[in-house]
Amino acid sequence: MRKNVGIVIGSALIVLGGFWFYQQAVTPKNVPVETNKAESNVTTKNNASKSKDGLPADATTDNPALVLVNKKHPLKAEIDFEKAEMQGVTYNALMKQSLTDFVNAATEAGYPVTIVSAYRSIAYQQTVIDTQVAQYLAQGDSEDEAMEKTLEYIQTPGASEHHTGLGVDIMANEYWDVHHALNPEADETKAQQWLIKHAPDYGFVLRYPKTAEGRESTGIAYESWHFRYVGVENAQYMAKNNLTLEQYWDLMNQNK
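Under full-length UniProt numbering, think of the first position of the sequence shown as 1, with each following residue one higher.
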């Protein structure tokens, strides 16, 4: 992994006992966030008060594609859903056609991609945390420091959107093949920019946006690789109105 990178979120996939082993290493400083304090409060209020008229017909909190999982809405048990696989990675079959079309379109545009991670079980999420903590301990951090750093970017078991199989980490090969890491700066490549721009056309949104408001809403730092399937109409509405899934849920609840 390269030095002098503001945030370096490394990811390695190792075949172990027939399973994919997913590891993330983070250095939580100098988070790249687009901040405009003069507009931040105004923007927050505007998003919170956006008209609920014109919402897509399937914009309801009981829509399986819009399930919300985070620290405030953790899962107590695994969700039962049909699974599919692409590039050796398991994901929710609900987005099978959309993910296939998204990946194919990127390739046709000259930007082949790697599916780094998608579905993770609740039990496996604990393995991800344990592995990351061990890495920090090996670097000389205390147990408390290691856990604190780990939880800044890795969700606790039950709180990870990856449990739904609808969150997928996608990296353009031009960056992944060189760095083999999940870094926010990947968005400096034309390939990752293409993915971010065209994701809504295929039913995906960039789940953890770069804005300060986005981070405040999701509680997660900017991730230029984490896409979430919500369906085309919902994705286009969210993108047009700069809404995170948390904000979209607030809007849907107002519409009940």
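Among these hints, one or two may not hold up.
BS3-like cross-link-like pairs, simulated, lysine-lysine; straight-line CA separation at most 25 Å [what the hints assert, rightly or not]:
id: 1; residue 1: K72; residue 2: K197
id: 2; residue 1: K83; residue 2: K96
id: 3; residue 1: K256; residue 2: K240
id: 4; residue 1: K210; residue 2: K240
id: 5; residue 1: K240; residue 2: K197
id: 6; residue 1: K96; residue 2: K197
id: 7; residue 1: K71; residue 2: K256
The following label-pair restraints were derived from C-beta to C-beta distances [said to hold, decoys possible]:
id: 8; residue 1: V232; residue 2: M86; range: 35 to 45 Å
id: 9; residue 1: D130; residue 2: L75; range: 14 to 24 Å
id: 10; residue 1: K190; residue 2: L75; range: 31 to 41 Å
id: 11; residue 1: L75; residue 2: Q254; range: 23 to 33 Å
No lab work stands behind these hints: they were computed from the structure.
Just so we're clear, the structure is a prediction, and the values are computed from it rather than from any experiment.
The beta-carbon is built from N, C-alpha and C at its ideal position, and this holds for glycine as well.
Going down the list of hints, with the structure as the test:
For the given pair, K72 sits about 29 Å from K197 by alpha-carbon distance, which is inconsistent with the 25 Å threshold. Restraint check for K83 and K96: the C-alpha separation of about 9 Å stays at or below 25 Å, so the hint holds. Taken as a hint, the K256 and K240 pair is honoured in the structure, with Cα atoms around 22 Å apart against an allowance of 25 Å. Taken as a hint, the K210 and K240 pair is honoured in the structure, with Cα atoms around 15 Å apart against an allowance of 25 Å.
Distance restraint check for K240 and K197: the Cα-Cα separation of roughly 11 Å lies within the 25 Å cut-off, and the hinted pair is therefore satisfied. Our distance criterion of 25 Å between C-alpha atoms is met by K96 and K197, whose separation comes to about 20 Å. Between K71 and K256 the CA atoms are separated by roughly 24 Å; this keeps the pair inside 25 Å, and the hint holds. In this structure the supplied range 35 to 45 Å is violated for V232 paired with M86, their Cβ-Cβ distance being about 19 Å.
A hinted range of 14 to 24 Å for the beta carbons of D130 and L75 is consistent with their spacing of about 19 Å. Judged by the Cβ atoms, the range 31 to 41 Å given for K190 and L75 holds: they are separated by roughly 37 Å. In this structure the supplied range 23 to 33 Å holds for L75 paired with Q254, their Cβ-Cβ distance being about 24 Å.
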